[in-house]
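Quick note, the sequences are listed as chains A and B, same order.
Going by this note's numbering, the first residue of the first sequence is number 1, and it counts up by one from there.
Going by this note's numbering, the first residue of the second sequence is number 1, and it counts up by one from there.
By construction, these hints were calculated from the structure, which means they are not laboratory data.
Even for Gly, the Cβ is constructed at its ideal location relative to N, Cα and C.
A few of these clues could be false.
[Said to hold, decoys possible] A few chain A residues facing chain B, derived, Cβ under 10 Å: (1) L26; (2) S27; (3) S52; (4) S55; (5) R56; (6) Y60; (7) G97; (8) Y106; (9) P131; (10) P279; (11) R295.
Number of protein chains: 2
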Amino acid sequence: MHRLLLLSHHADEYLSLIQAANLPGLSIAATSDAEEGVICGADCDIVFGEPSLASRVISYLSGLRWVQSTWAGVEPLLDPSLRRDYILTNARDVFGGFMSEYVFAYLLAHERRILQRHVSQAAGKWDKTLPGTLRGRKIGLMGVGSIGACLARTAKHFGMTVKGYTRTSETCMDVDAYYHGPDLKAFAADLDYLVSVLPNTAGTRRIVDAALFDALPPKAVFVNVGRGSAVDEFALIEALRTGRIAGAVLDVFQEEPLPPGHILWRMPNVRITSHTAAPSVPEDIVRIFLENYRRLLQGEALHCQVDFERGY
Amino acid sequence: MHRLLLLSHHADEYLSLIQAANLPGLSIAATSDAEEGVICGADCDIVFGEPSLASRVISYLSGLRWVQSTWAGVEPLLDPSLRRDYILTNARDVFGGFMSEYVFAYLLAHERRILQRHVSQAAGKWDKTLPGTLRGRKIGLMGVGSIGACLARTAKHFGMTVKGYTRTSETCMDVDAYYHGPDLKAFAADLDYLVSVLPNTAGTRRIVDAALFDALPPKAVFVNVGRGSAVDEFALIEALRTGRIAGAVLDVFQEEPLPPGHILWRMPNVRITSHTAAPSVPEDIVRIFLENYRRLLQGEALHCQVDFERGY
Numbered sequence: 001m002h003r004l005l006l007l008s009h010h011a012d013e014y015l016s017l018i019q020a021a022n023l024p025g026l027s028i029a030a031t032s033d034a035e036e037g038v039i040c041g042a043d044c045d046i047v048f049g050e051p052s053l054a055s056r057v058i059s060y061l062s063g064l065r066w067v068q069s070t071w072a073g074v075e076p077l078l079d080p081s082l083r084r085d086y087i088l089t090n091a092r093d094v095f096g097g098f099m100s101e102y103v104f105a106y107l108l109a110h111e112r113r114i115l116q117r118h119v120s121q122a123a124g125k126w127d128k129t130l131p132g133t134l135r136g137r138k139i140g141l142m143g144v145g146s147i148g149a150c151l152a153r154t155a156k157h158f159g160m161t162v163k164g165y166t167r168t169s170e171t172c173m174d175v176d177a178y179y180h181g182p183d184l185k186a187f188a189a190d191l192d193y194l195v196s197v198l199p200n201t202a203g204t205r206r207i208v209d210a211a212l213f214d215a216l217p218p219k220a221v222f223v224n225v226g227r228g229s230a231v232d233e234f235a236l237i238e239a240l241r242t243g244r245i246a247g248a249v250l251d252v253f254q255e256e257p258l259p260p261g262h263i264l265w266r267m268p269n270v271r272i273t274s275h276t277a278a279p280s281v282p283e284d285i286v287r288i289f290l291e292n293y294r295r296l297l298q299g300e301a302l303h304c305q306v307d308f309e310r311g312y
Numbered sequence: 001m002h003r004l005l006l007l008s009h010h011a012d013e014y015l016s017l018i019q020a021a022n023l024p025g026l027s028i029a030a031t032s033d034a035e036e037g038v039i040c041g042a043d044c045d046i047v048f049g050e051p052s053l054a055s056r057v058i059s060y061l062s063g064l065r066w067v068q069s070t071w072a073g074v075e076p077l078l079d080p081s082l083r084r085d086y087i088l089t090n091a092r093d094v095f096g097g098f099m100s101e102y103v104f105a106y107l108l109a110h111e112r113r114i115l116q117r118h119v120s121q122a123a124g125k126w127d128k129t130l131p132g133t134l135r136g137r138k139i140g141l142m143g144v145g146s147i148g149a150c151l152a153r154t155a156k157h158f159g160m161t162v163k164g165y166t167r168t169s170e171t172c173m174d175v176d177a178y179y180h181g182p183d184l185k186a187f188a189a190d191l192d193y194l195v196s197v198l199p200n201t202a203g204t205r206r207i208v209d210a211a212l213f214d215a216l217p218p219k220a221v222f223v224n225v226g227r228g229s230a231v232d233e234f235a236l237i238e239a240l241r242t243g244r245i246a247g248a249v250l251d252v253f254q255e256e257p258l259p260p261g262h263i264l265w266r267m268p269n270v271r272i273t274s275h276t277a278a279p280s281v282p283e284d285i286v287r288i289f290l291e292n293y294r295r296l297l298q299g300e301a302l303h304c305q306v307d308f309e310r311g312y
């Protein structure tokens, strides 16, 4: 018999989806409150929910065996003060579609001048300014996991050249050229679009810095759908302010929510999307949980396991 | 020996591209002025240029054999009062990429609420409104020629269901279901997006009318990248004003430029793009001309011939 602590701000929605699956040998306690989770989940061996809630509960669960995160990013559970004697799995391979729609919505909006045309319309002006095109443009992906691979495939659909910057992997067939380690300058030199999909790890912290912005051509637009920690935000603001890059599309920030008075809100060449690029769709996340629960019962290795050292 | 009249507002650009090809047996007269075209082109057997200019000159060219249009739409040359004793070829198969970027720029902008998020940003507001997604949505294409086929392919890339409304053809593999003739209501009944790619012909005039807007669900967005003549503009305005459809993205109009005081400029759920969806890129158009000139010399049938009766 397994006992599941469902710990999520969407506990009701997740509960009904999991109950509908009629899982064998499982009882469920569900709450969106961490303190209540400590009490009602005391004898639970499985936790399913948001890392920000789970991190406040796991110390109290003596029989803990497995945590399934509803998010891709699991930073709250990676704090060195926390236990690591359980299996941590995250949500993976379900955000690529959303991420691709997000990134290409903004790339196409940039080429087609959607906001500028909106201003022309408000002025009643027949605006014949020619559009740009993605065809032939160069996109650089920092991080080519399952999300980066989706972006690469859409980029190829639109006729772009795709460069990939990774630690070592070179497995995505839609990437035309790979770069690693110290090759960041060569990677950046001719990009029209630089897209960071990097997670928050020790190795990615402020990897997007002044030197990288300097290496980009002035026409380049920077897109961040990874984590705010990968960017030196002050260097970004300087690069935008001085025109060393053309613009930025930012879904993530060093501090979230972005503080009300922050200068990024008011920069004309910045688009802010408030960490909405790839929402966790409960149906998708539950599908991962159900498959992993089946694997747990049958003694198979769980999917989407997080390496605590690597951080993803 | 052939003699070419180059008659275009971009005559200089076209001239240098054609001269660079060093065509055998060809002399060229180039101008952007119709009256000058009548004089300097008197002994020309080939005309290459904009239909709006060519239509004012062809009556005076006794040796006329072939007109290559730089546009897809050739309405000015279809006027019944004009001669039809020559081969008319248009630009085709070169607009699909631009059209696809245009349509999906606006579909993605709609799903991702780009303009609404821009308003939130201006107010310094961390806007967590969830985005929509194209995945699973239904798009209906009116006209599935080479442009429609490109749109269908991008729609499938984003996981959409594709319905096609055509006269008779059912050749595009990316269309999931075809509709013809009187089936317009069944075609429209469940669409999220209705996209007209229809040319201006007798058969398409005002085919997008009040009955069709009534058949659409209220969530539907109408996109017109074909010709303004295919739409009953008054019925469109009524459908937008009363919320019978959710919005419209309009590149073409009954009268162009859209008159300054026109109500469409000021409707909040309308996006106006001033006939910029698919610009004629000289390199692409010249490629069609060069291939057709080679075919002319070798006595082969020219590509992209327009049927004067059908109108495209």
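* Do the numbers back the hint for P279 (chain A), that is, is its least Cβ distance to chain B under 10 Å? -> Where the cut-off is 10 Å and the nearest Cβ of chain B is about 5 Å from P279 (chain A), the hint holds.
* Asked: Does L26 (chain A) pass the interface hint, meaning its C-beta sits closer than 10 Å to a C-beta of chain B?
  -> violated, 29 Å
* To do: Using 10 Å as the Cβ threshold, decide whether S27 (chain A) counts as touching chain B.
  => violated, 31 Å
* Asked: Taking the least C-beta to C-beta distance, is P131 (chain A) closer than 10 Å to chain B?
  -> With a closest approach of 6 Å, the P131 (chain A) hint holds.
* Proposed interface contact between Y106 (chain A) and chain B, which counts if any beta carbon pair is under 10 Å -> holds, 7 Å
* Would you check whether G97 (chain A) satisfies its interface hint, that is, whether its CB is within less than 10 Å of any CB in chain B? => Since chain B brings a Cβ to about 6 Å from G97 (chain A), closer than 10 Å, the hint holds.
* With 10 Å as the cut and Cβ atoms as the points, is S52 (chain A) at the interface with chain B? -> violated, 15 Å
* Close enough to count: is the Cβ of R56 (chain A) nearer than 10 Å to one in chain B? -> Status violated, d = 22 Å.
* Against chain B, is R295 (chain A) within 10 Å by beta-carbon distance? -> violated, 27 Å
* Against chain B, with CB atoms and a cut of 10 Å, does the hint on S55 (chain A) hold up? -> violated, 21 Å
* Interface hint for Y60 (chain A), Cβ within 10 Å of any Cβ on chain B -> violated, 30 Å
When held up to the earlier numbered hints, the structure conflicts with 1, 2, 3, 4, 5, 6, 11 and fits the remainder.
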